[in-house]
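Colleague: Read top to bottom, the protein sequences are chains A and B.
Reading the first sequence from the start, the letters are residues 0 to 425 in numbering that gives the first Met the number 0.
Reading the second sequence from the start, the letters are residues 0 to 162 in numbering that gives the first Met the number 0.
Source of the hints: derived by calculation from the structure; they are not laboratory data.
Note that the Cβ used here is the ideal one computed from N, Cα and C, for glycine as well.
Warning: the hint list may mix true and false statements.
[Claimed, not checked] Quick look at which bits of chain A chain B covers, simulated, 3 or more residues with Cβ under 8 Å:
1. 61 to 69
2. 361 to 375
[Stated by the list, open to error] Simulated pairs of lysine-lysine, DSSO-like, Cα-Cα distance not exceeding 30 Å:
3. A/244 / A/265
4. B/118 / A/339
5. A/197 / A/137
6. B/118 / A/380
7. A/339 / A/197
8. A/339 / A/265
9. A/226 / B/69
10. A/265 / B/69
11. A/197 / A/226
12. B/69 / B/118
13. A/226 / A/244
14. A/226 / B/118
15. A/380 / A/17
16. A/197 / B/7
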Amino acid sequence: MTLDSMDSVMPSSLLDYKALVRDDRIHASLYTDPRIFEDEMERIFYRGWVFVGHDSEVPQPGDFITRSIGTQSVIMARDQDGHITVLVNRCAHRGTMVCTAPRGHARVFACPYHGWTYDLSGALLGVPYPGGYASFDKSTRSLTRVPRVESYRGFVFASFSETGASLSEHLGNATRLIDRSADLSPEGQIELSAGWVKHRCAANWKMLPENDSDGYHLGFVHLALFKTVRNAQYQRVVGDERAIKAVVRDWGNGHIEIDWSPGYEKPFEWLGSASGPTVDSYVALMEQRYGVETTRQRIMQGPAHALIFPNLFLGETNIAIVQPISVEECVHWHTPMFWKGAPQFNSRLLRMAEAGMGPASFLMPEDLVVAGRNQLGLHAKSVEWLELSRGLGREHVDADGRRVSHVTDETTSRGLWQHYRTVMSG
Amino acid sequence: MVSDADYKAAVEFLYMEARLADEARYAEWLALWTDDGVYWVPAITDSEIDPEQHISHIYDNRARIDTRVKLLLTGHRYSQVPASVMRRLISNVEVEAGDNGELVAGSNFILAELSIQAKHEMHWWVGRTTHRLRRVDGALRMSRKKVVLINAAEPLPNLAFLI
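Bound-form chain A, shown alone (with noise of 0.2 Å):
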C-alpha cells in the first residue's frame, strides 16, 4: 500500500477540526481535502437540518420536486392527504433512481427497472409476480423517508436525523430573517413559480455562503457593475469605509445576514427605488392588512439578505440554494421570490433576479469567477492558512445577543465557521 492510498482511507474522524478552525483563521484543507467533504456530508448535510424547497413548489397533493440533500438525491412531494414528504429517490428493490425529473405530477412512483410501485409518501404498492416472493412484507420496502420534515412560513426543511435539535432550536432567532422576507407579501407568503436557474461553480461549496454575506470584495470584484449602473443602492455601498453604514450580523447557529437597511434612506432602494401607480397599489394593500407603520419599516428594510445554515439563502428578492457536488464543485440554485397578493411586481422581480445572479447576470460571473481562482490559489501547499481576522478589534454584541459589525468585517465568515467547527466537532 502506497503512502497515498493508505491516506486516502485513513478515517476522517482523526481530522481535529478545533485545530483546523481557529476563530481568526482557517485551514485550507478545509476547502481541498477530500476527506472533509465526507465529513460534511455526514456530520452537517445528513445530522443537522437542510433546506429542501418551499411548500409553493409542490401546491397540489400529487405534486413533486427533486432536490438533494448534500449528494443524495431525494423527492419532496404533496401526498394524497397533503403532507409534504421528502424521499430518498432509490428504489428499494435494486437502487435504481426513481424520478428524474425536476417537477412534475404523480399519482403514483414507478421504478423503471422492474415496475416497483410507489405512492407520494413512500409506500411500496406493487410488486409485479409477486409469487416470486415466499414472503414479503411490503411495509419493510417503502422509498426511505428522511425522518424529520418541518417547515417555517413554507421553507420546507429536512433532517436525516431521527433526534436531535428541532428545526426551531436550529433557526433561533434567524425566523426574523425568513419573516422580514415573506412579511413583504400583502398575504404573508411567498411564491417559488418562476422556475430554478442552476450556476456551476468549480469551487468549494462553503465558498457561497462566505461569499454570499461577504460585504467586503463588492467594490472590487464587481467594479465593473459600479462603474456602468449608478443606482442609490450601489453606491450606498462602496465609497468612504466611515461612511457605509449597512452592518452584518452572526445571528448564531451559523445564520449569518449583512443588513444593508441602515443605508437606506428611501423605501424601496432595494427595489430598484420603484414608483409609480404599481408601487401605490402593494403599498395600498399592504397598509390595509399591516397598517402605516408597519407597512413603512418593511418598504424601508425591504428582504433579507441572509445565509440560513447550511444551504438556504435569502437573496434579497431571490432565494437561493447551495448544492454541494465535490470537493471541487458545486452549484448555486436562485429563483425570484414572489410575494403572493403582489403579482404586479413578478416581472420586476423575474428581471432583477436575471441582473443579480446566474451565469448570465450582472454579478454572479464575477462571485464564481472569484471563487474558482481561490480554489485554485488554495493548493498552494506553502501556505496553509486563510486570514478571518477584520473587525475582531470592533464587533459587538448587540441587545439580541447578535454579533454586529461594519458591513465589510468578517464577523458574518467567522459565524459560519465557529458554528462548523462546533458541528463538525461533534
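Given chain A, put chain B in place with the hints provided.
Modeller: Relative to the frame of chain A, chain B by itself:
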C-alpha cells in the same frame, strides 16, 4: 419561403454576428441591434415558456443589452478578463418571412469556449438560435435573438460572453 438574395443576406448576417461575438468585438456587435432589440436566453428548453412568468438566463431589452456590453467594455467584467477564446459553427439555417418585412432565421450552433479566467477549461455550448432581422437604412439588424441551449436547465458555468 424567401428569395435567394434574402436567404444569402440572412446567412451572411449570422456569420458576421457570430464572428464579432467570438472575437469580443463588443461595440461592433452592439451596433447590430435595432433600437427595440430583445435578447433572450431561456433557462428551460420548453418552447412554450413565457419570460414574464419563468426565469431566463438572459431576457434583455435594448437598455439592458447596452448595459451588458458596457460591463464588458469597462475591462473589469472579471468573468471575461481575459475574454474567453471562442469559435462557433453555424448550420441548418432556415429563413422565413416574418411580420413587417422582417426575416426570421433559425440556425443551429456549436460553440467551443476556452474559458481562461480561472481554471483553463473547454466548454461546449450547443443550441438553436432564432434571429429576427430587419432592414434599417439598407442593412440587416437584429430585432430579436433567442438562443435555446440544449442544456438550458442544467447547471451552467459562467455565460458572461456574448452567446
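Colleague: What's the verdict on residue 244 of chain A and residue 265 of chain A, does the C-alpha distance respect the 30 Å limit or exceed it?
Modeller: holds (14 Å)
Colleague: Take the C-alpha atoms of residue 339 of chain A and residue 197 of chain A, compute the straight-line distance between them, and say whether it is at most 30 Å.
Modeller: With Cα atoms ~24 Å apart, residue 339 of chain A and residue 197 of chain A stay inside 30 Å; holds.
Colleague: Would you mind confirming whether the straight-line C-alpha gap from residue 197 of chain A to residue 226 of chain A stays at or under 30 Å?
Modeller: holds (27 Å)
Colleague: Holds or violated: residue 226 of chain A with residue 118 of chain B, Cα cutoff 30 Å?
Modeller: holds (27 Å)
Colleague: Given the proposed pairing of residue 197 of chain A with residue 7 of chain B, does the C-alpha separation stay at or below 30 Å?
Modeller: violated (38 Å)
Colleague: Taking 30 Å as the top limit, are the C-alpha atoms of residue 265 of chain A and residue 69 of chain B close enough?
Modeller: The given pair, whose Cα atoms are some 28 Å apart, holds under the 30 Å limit.
Colleague: Are at least 3 residues of the stretch 361 to 375 of chain A within less than 8 Å of chain B when you compare beta carbons?
Modeller: Holds, because 10 residues of the stretch 361 to 375 of chain A bring their Cβ atoms closer than 8 Å to Cβ atoms of chain B.
Colleague: Does residue 118 of chain B lie within 30 Å of residue 69 of chain B when you go C-alpha to C-alpha?
Modeller: holds (25 Å)
Colleague: Mind checking, does the stretch 61 to 69 of chain A have 3 or more residues with a CB under 8 Å from chain B?
Modeller: Since 0 is below three, the answer is violated.
Colleague: With the threshold set at 30 Å, check whether the alpha-carbon distance from residue 118 of chain B to residue 339 of chain A stays at or below it.
Modeller: Violated - the C-alpha atoms of residue 339 of chain A and residue 118 of chain B are around 42 Å apart, more than 30 Å.
Colleague: With a cut-off of 30 Å on the C-alpha distance, tell me whether residue 226 of chain A and residue 69 of chain B pass.
Modeller: Status holds; Cα separation ~9 Å.
Colleague: Holds or violated: residue 339 of chain A with residue 265 of chain A, Cα cutoff 30 Å?
Modeller: Holds, at roughly 24 Å.
The structure is inconsistent with the numbered hints 1, 4, 5, 16, although it conforms to all the rest.
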